[in-house]
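K.L.:
Which chain is which? The protein sequence lines are A and B, in order.
With my numbering, the residue at position 124 of the first sequence is 124, and numbering never jumps.
With my numbering, the residue at position 131 of the second sequence is 503, and numbering never jumps.
Source of the hints: derived by calculation from the structure; they are not laboratory data.
Quick reminder that beta carbons are idealized off the backbone N, C-alpha and C, glycines included.
Treat the hints with care, since some could be wrong.
Pairs of lysine to any residue, SDA-like flavour, derived with a Cα cap of 25 Å [as the list claims (entries may be wrong)]:
no.	chain 1	residue 1	chain 2	residue 2
1	A	K78	B	D443
2	A	K354	A	E289
3	A	K71	B	T435
4	A	K317	B	D643
Coverage of chain B stretches by chain A, computed from C-beta distances (three or more under 8 Å per stretch; other residues unrestricted) [unchecked claim]:
no.	stretch
5	402-412
6	650-656
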Amino acid sequence: MPVVNALLNLFNSPSLGALTEKRNFGSVTFLGRYGLADVMLSNFSNSGINRIGILVDRYTQSMRNHVQTGKTFINNTKIGGLDIIYDEQGNLKPQLNNDISDLTANISYMEHLFCDYLIVAPSNMLMTFDFRKMLKEHIKSGRSITMMYQHRSDLKKRFLDSNVITLNEDGSVKTIKRNDGEANEGDVSLEIYIFNNQTFIDMVSEQPTVSLKYGIKEMVAHYIKKNKKEVGSYLYDGYLLPIFSLEDYVESSFTLLEYENSRKFFKKNWPIYTTTHDTPPALYGAIAEVKNSFIANGAVINGKVENSIISRDVIVKEDAVIKNSILFTNTVVEKGVKLDYVLTDKKVVVGGNKNNYKGTKKQMLVIKQGQK
Amino acid sequence: MSEKVVAMILAGGKGTRLQALTRKTAKPAVSFASKYRIIDFPLSNVANSGINVVGVLIQYESTELDTYIGDGVIWGFNGVKSSINTLSPRQTEEGSNWYEGTADAISKNIDFLDEYDPEYVLILSGDHIYKTRYNDMVKLHEQSKADATISVIEVPMEEASRFGIMNVDKKDRIIEFQEKPKKPASNLASMGVYIFTWKVLRQYLVRDMKSVSSSHDFGKDIIPQMLADKKKLMAYRFSGYWRDVGTLASLHEANMDIALNMGGPNLYDHDDRTKIYTEDNSSVPQYIGPNASIKNSIANQGAVILGSIDRCVISSDVTIEEGAVLTDTVVMKGATIKSGAKIHKAIIGPDVVVDENEEINLDSDKVVLIAK
Numbered sequence: 001m002p003v004v005n006a007l008l009n010l011f012n013s014p015s016l017g018a019l020t021e022k023r024n025f026g027s028v029t030f031l032g033r034y035g036l037a038d039v040m041l042s043n044f045s046n047s048g049i050n051r052i053g054i055l056v057d058r059y060t061q062s063m064r065n066h067v068q069t070g071k072t073f074i075n076n077t078k079i080g081g082l083d084i085i086y087d088e089q090g091n092l093k094p095q096l097n098n099d100i101s102d103l104t105a106n107i108s109y110m111e112h113l114f115c116d117y118l119i120v121a122p123s124n125m126l127m128t129f130d131f132r133k134m135l136k137e138h139i140k141s142g143r144s145i146t147m148m149y150q151h152r153s154d155l156k157k158r159f160l161d162s163n164v165i166t167l168n169e170d171g172s173v174k175t176i177k178r179n180d181g182e183a184n185e186g187d188v189s190l191e192i193y194i195f196n197n198q199t200f201i202d203m204v205s206e207q208p209t210v211s212l213k214y215g216i217k218e219m220v221a222h223y224i225k226k227n228k229k230e231v232g233s234y235l236y237d238g239y240l241l242p243i244f245s246l247e248d249y250v251e252s253s254f255t256l257l258e259y260e261n262s263r264k265f266f267k268k269n270w271p272i273y274t275t276t277h278d279t280p281p282a283l284y285g286a287i288a289e290v291k292n293s294f295i296a297n298g299a300v301i302n303g304k305v306e307n308s309i310i311s312r313d314v315i316v317k318e319d320a321v322i323k324n325s326i327l328f329t330n331t332v333v334e335k336g337v338k339l340d341y342v343l344t345d346k347k348v349v350v351g352g353n354k355n356n357y358k359g360t361k362k363q364m365l366v367i368k369q370g371q372k
Numbered sequence: 373m374s375e376k377v378v379a380m381i382l383a384g385g386k387g388t389r390l391q392a393l394t395r396k397t398a399k400p401a402v403s404f405a406s407k408y409r410i411i412d413f414p415l416s417n418v419a420n421s422g423i424n425v426v427g428v429l430i431q432y433e434s435t436e437l438d439t440y441i442g443d444g445v446i447w448g449f450n451g452v453k454s455s456i457n458t459l460s461p462r463q464t465e466e467g468s469n470w471y472e473g474t475a476d477a478i479s480k481n482i483d484f485l486d487e488y489d490p491e492y493v494l495i496l497s498g499d500h501i502y503k504t505r506y507n508d509m510v511k512l513h514e515q516s517k518a519d520a521t522i523s524v525i526e527v528p529m530e531e532a533s534r535f536g537i538m539n540v541d542k543k544d545r546i547i548e549f550q551e552k553p554k555k556p557a558s559n560l561a562s563m564g565v566y567i568f569t570w571k572v573l574r575q576y577l578v579r580d581m582k583s584v585s586s587s588h589d590f591g592k593d594i595i596p597q598m599l600a601d602k603k604k605l606m607a608y609r610f611s612g613y614w615r616d617v618g619t620l621a622s623l624h625e626a627n628m629d630i631a632l633n634m635g636g637p638n639l640y641d642h643d644d645r646t647k648i649y650t651e652d653n654s655s656v657p658q659y660i661g662p663n664a665s666i667k668n669s670i671a672n673q674g675a676v677i678l679g680s681i682d683r684c685v686i687s688s689d690v691t692i693e694e695g696a697v698l699t700d701t702v703v704m705k706g707a708t709i710k711s712g713a714k715i716h717k718a719i720i721g722p723d724v725v726v727d728e729n730e731e732i733n734l735d736s737d738k739v740v741l742i743a744k
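Pulled out of the complex, with its shape left as it was, chain B reads as follows:
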């Protein structure tokens, strides 16, 4: 069976910078924007692009993610021609095989990709927040007969040194790649979204596996090697909202972008072509109490809000008791904020109980995490 495009989603990382949020949960499975998990965004994007076959590479705390993905029914991958496959490291003749880099994770699943024999492989990260369809990018890749196409986004020049920067010619062919350059020559940052012509990538992966000096990473090893070999790499200019939510601050900020419905990925545009799908729960209806106040916020079903909420993200089965005052705060599933508690600029992890009259982070502008 041959598929034109197979998507591979890298979802195995621990996400150390999210601290206690990822102590027992893989980063892509972390709660986002009241009712979603981070990985819902790339998975919905793939589904909305009409791509039928998806491999999800899992490693760190893989059980929860594996259970969540299940047969893919949430994103519609349970149809007759589609399939979603969680690919965890497996024991083989050579012994056990932990994934040791982004490229290594794909290399160790060459047999999976060979089975579908795709023309192109779309490589995505499981922890990016954006709404898109990859169709135009596939089209550019196909029409330009590229070996690889890398999605890039313009970032402010002064921030460019934090990213992997692509330098391109007039036709957007990539001529140079700089990883976190001190003096960036352009402001086109790689989003970690790649399309490869499978036949070409396969050769590079086989070669990379044999290299002892390689760190087996797309950005550090595969892309530079392809450029050195004068392969045709194209830049696809992405426009719109895109965030890597790898830190507490960026996770908090991306949540706020949605709560304020300004600049973030618009979930309220009623555009069925780019809907984000997620699991549903059988929570009770969301209830706003007689003395409550709620503005500049989003809240999911099952939330009971009796206190005062401004610029907050409230997940399902959260209770905010009377007299509690929350500003700039993300409250994850099942947490309880007792009466009189005051919280500012925080992420409250799942199932946390904040005691009566407790004060958290009131005088700070730095995001604080309260987690179990």
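Same shape as in the complex, but just chain A:
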């Protein structure tokens, strides 16, 4: 049985405006109870991967706080583990701070991986996927790198920094170039790869001779140009929620409120793990009215909630009306306050001087962390 390790790559994570102002993309609350990184980390875990590294570019503390010791995602904590890989000096030279420079700075971590294959994936591709399927294809192909792609018809709007590819008849990648946004249709790289570990190590050590600015994505493109037909492709045609912006984040969250979609995303025997907080069950008061919503534990609901996502320990007081909104942990909505298309970050208290808060479907009204 080959040894497979995985890296969650948080470099190149998109900005979600105020939500990522003071925290890492991976630790942004999702559906009221997860962090965005939990989805891919759980894919690793459910695929039997026991050693995971997280490449973190910023706000390490918020990631560390979210994953804690990692035992949530690791099967055997002695032979496995979860490591946070961070290059402190990297932030002093932002233009050269990338996933590869992070690994170079932590080269002893790389040297002790002792694995046969390495999976690298970002946290903004929300999907539930068994990597063993892709690994099987990768091993069968005999190639040193396999790249996951999907056929999309939204390339004018999303994946604007991603690479579009064309394929040879044998399934290897023929051409790769940055999506210029000219065409909507195309095969786009999801920045999810399986490497033969030695190939990956060689690539990391080769990077300074090619360009210090190059990260994994650029080095793979470089490799494709240099080694004809050496990079294989794997088509992922399953359910995918790609997140490149706050708008995508909001849309993906609300999409999953539709039962049909959530059934495609949450699969049987494929749990999404997250760190626990010992919160009591959600409590619904005598005049609670809740429709089409996700409600997390610890929430105390006494008002009206519709088409919304309510996170841990949120309090909705009497006669408050919440529609089409996302409320993060510890939000308090005071009596009689009305919210429509509002996103509150953690520890926000809504109410007091104003009773009506309204955003639009296109542009949610975002209330920053801790505002009262």
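Use these hints to put chain B onto chain A, whose structure you have.
P.N.:
Here is chain B on its own, set in the frame of chain A:
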């Protein structure tokens, strides 16, 4: 190694009065208030009191309870100075040794207690619902230089004959103990929570083991004997919510106390000093459907509620289909209530499926149990 206080939790009983709920599960492991098990309450209380060493006496259907307790990480007993130990009957030189009474269970683990050589032993029941820290009780025991301190609660005089009643002097020293007295002289009921000075208790246990007429019970044998010997027994007056959930009716009622968040142990006070800890599951977010109605209820993550719920306790991975109407009902983990079913005042056991349009207990005010 010497510990000041070691807690011993009696969790070996079958709980016959809970009928089918305890057919394959020990009473302390029975589900409670959506996400907890009964034993989470005493175990969390012990953890919150800063007591590091716990013995849990198990016998009936011990495997599930033993597995659940594990290394105690749920309650934080996996730290460097703490330990939790499940103590089941063992085969010894004298043959096999089933526990034959509450005191007998402790007697058969004298060697365990000697190992820790505690000053005091706190004896608790594994099936009581209450939130407390035992620190004040330990303090009273210590300051009064008592041989034993018994936690008592005031009950209505007309119900006093259902309890073990303590008669005390002006300084709350116990002068008489009456087990279920016809004419109670006080309304101070024993909660089955004791602190003993270990040296003293040890002598009484050794003596009790040799007695052929003894039923080896704290209430029936040890306490009366200590009183007869003029030992110093103090009453500690507990105030607050406390319930023995030994019957279907009391289990149902205690669940309702939490669902209505009135009078019950307040799980929503955000007081980290008396938090109740429990296992977590990786269920999907709790979803309330577009035509659902939910009030006066609690529900855990993983619940999918599409029907109508009033005064209910809904555990994880429960599905309430559209058109189902539930009132005054406790639904345990994994149960499915099909569309159009109508249920009143029931306890629905784990993994039960209630068929479409089935009607249960609609005209009755007596709690009914539906279990596999």
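K.L.:
All hints are to be evaluated individually against the structure, with a verdict given for each.
P.N.:
Comparing the hints with the structure gives:
{"no.": "1", "hint": "K78/A - D443/B", "verdict": "16 Å, holds"}
{"no.": "2", "hint": "K354/A - E289/A", "verdict": "23 Å, holds"}
{"no.": "3", "hint": "K71/A - T435/B", "verdict": "24 Å, holds"}
{"no.": "4", "hint": "K317/A - D643/B", "verdict": "19 Å, holds"}
{"no.": "5", "hint": "402-412", "verdict": "holds (count 3)"}
{"no.": "6", "hint": "650-656", "verdict": "holds (count 5)"}
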